[in-house]
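Undergrad: Got two chains here, separate frames each, mind docking them using the hints?
Going line by line, the protein sequences match chains A and B. First residue of the first sequence: 1, per the working numbering; consecutive thereafter. First residue of the second sequence: 1, per the working numbering; consecutive thereafter.
Think of the hints as simulated: they come from the structure by calculation, not from any bench. Keep in mind that this is a model prediction, so the values were computed, not measured. In this text, a Cβ means the ideal position worked out from N, Cα and C, and glycines have one as well. Some clues are possibly wrong.
Stated by the list, open to error - Interface residues of chain B toward chain A, partial, derived using beta-carbon atoms under 10 Å: (1) S10; (2) A69; (3) F71; (4) G76.
As the list claims (entries may be wrong) - Over the 10 Å line for every Cβ pair with chain B, so calculated as not near, a few chain A residues: (5) D41; (6) F42; (7) L72; (8) K73.
Read off the chains here:
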Amino acid sequence: MPAILLDRVFNPWDEIQRYQTEELRSGLYGATASFVGTMRDFNIDEKVSLMTLEHYPEMTQHFLNELCDRCLKDYDINDCLIVHRFGDIHPGEPIVLTAAWSAHRAQAFDACRNLIEELKSHAPFWKKEATDKGERWVHDEQQSDEK
Amino acid sequence: MSINVQFFASLREQLGKQQVTLEFTRPVTVLDIWSQASDGLKMPNNTLCAINMEYVKTDAMANDGDEVAFFPPVTGG
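Just chain B, with the same shape it has in the complex (with noise of 0.2 Å):
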């Protein structure tokens, strides 16, 4: 299955690239998303996590063709 992943404001700068699109043959979790997406860097302990938009936990399931983010505490307004 195929998932498209973003990155956002600090960890897009951090990790060096805003998109990646990577593909699995078995079901993963964000934090497996994660893992591979990032190249080894550690999660940091504030980062969050969203599927489609939606905020998510780093346990939760993705599925084909979800976007899954991953950026730094918000700061807008």
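The shape of chain A in the complex, shown without the other chains (with noise of 0.2 Å):
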């Protein structure tokens, strides 16, 4: 139930794979369901070239830790994980991948959507975009209506 912070670009599929074949034992579950954000290359009608995650290093790591614990407790699955990106970003480029493993697929899609939904509320992340008129902070109400 690892929380992972990358500053490089990372494939999710190969993360999934390779979390699977190294922590999860083979016919353990039955269910795998994940969620990945990806960057765009618009906002708000304005083509965006980069976007710059900044975190709080030491915050980050342990809300997402604790998101993983709590995510264990509160529902009936086997395993979870989050990889979340900060820096430099570009278009195209995974920004976070939430996943749970389970023996059956509503607990796992459930707690996966619970993953990435407090993630987004509460972890300690801000977006910058450079735009064609320059940088800008991404505000939380430009992303709250946007499921």
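TA: Now the structure itself:
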């Protein structure tokens, strides 16, 4: 149940495969649910060429670790995983992966959704976008309705 | 007592500083710390606060050696 912060491009499908192979016993789980957030090249009708994700390193790691712990207690799952980028991110690159493994699909779906919703609401990350008109911070109301 | 104060994202840019260490001779709340650390700037309504990496409200008390952080609403994911 790790929460991993990365300052480099990652392949979410490789991360899932690696975690399953290295950490989970084959036959233990019957369902894998995952969510991948990917950087768009537009936001609020403007072209975005680069996004910089600032974070509060110690608190972000602490929060995501606790989120994984809570998820394991609150849902009937075998395991869960969070991978999140920070630093400079380009359009098309994955920003975040949340995944959950369980015996049956319902708990895996619910746990996976809980991970991403809690992360988006509370994990201390801040997006700054580079557009043709300059840099701007993304505000919470700009993504609250974009589920 | 000594408090390590951190600012992030737009608040860091607005205040022109990321970190400051403050000394107090009496018990203080998070709001007291903001008042001294922000050079008189009124705290924006949506500011989030943390003590030692746990979210708190502005009336929470800080202790010697605490790290107090101020930042805008989060936008990760």
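Undergrad: Is the nearest Cβ of chain B still more than 10 Å from the Cβ of D41 (chain A)?
TA: 17 Å, holds
Undergrad: Is the Cβ of K73 (chain A) farther than 10 Å from every Cβ of chain B?
TA: 18 Å, holds
Undergrad: Are all C-beta atoms of chain B more than 10 Å from that of F42 (chain A)?
TA: Given a closest Cβ separation of 16 Å, the condition holds.
Undergrad: Interface hint check: S10 (chain B), Cβ to nearest Cβ on chain A, cutoff 10 Å. Holds or violated?
TA: 5 Å, holds
Undergrad: Run the C-beta distances from L72 (chain A) to all of chain B and say if the shortest one exceeds 10 Å.
TA: Label holds. Min Cβ-Cβ 20 Å, cutoff 10 Å.
Undergrad: Does G76 (chain B) hold up as a contact with chain A if the rule is Cβ-Cβ below 10 Å?
TA: 3 Å, holds
Undergrad: Verify the interface restraint on A69 (chain B): the C-beta must sit less than 10 Å from at least one C-beta of chain A.
TA: For A69 (chain B), the interface hint holds, since the closest Cβ of chain A sits about 6 Å away, which is under 10 Å.
Undergrad: So, F71 (chain B) near chain A? Judge it on the closest CB pair being under 10 Å.
TA: Hint holds; F71 (chain B) Cβ to chain A Cβ min 6 Å, cut 10 Å.
No hint from the list above goes unmet by this structure.
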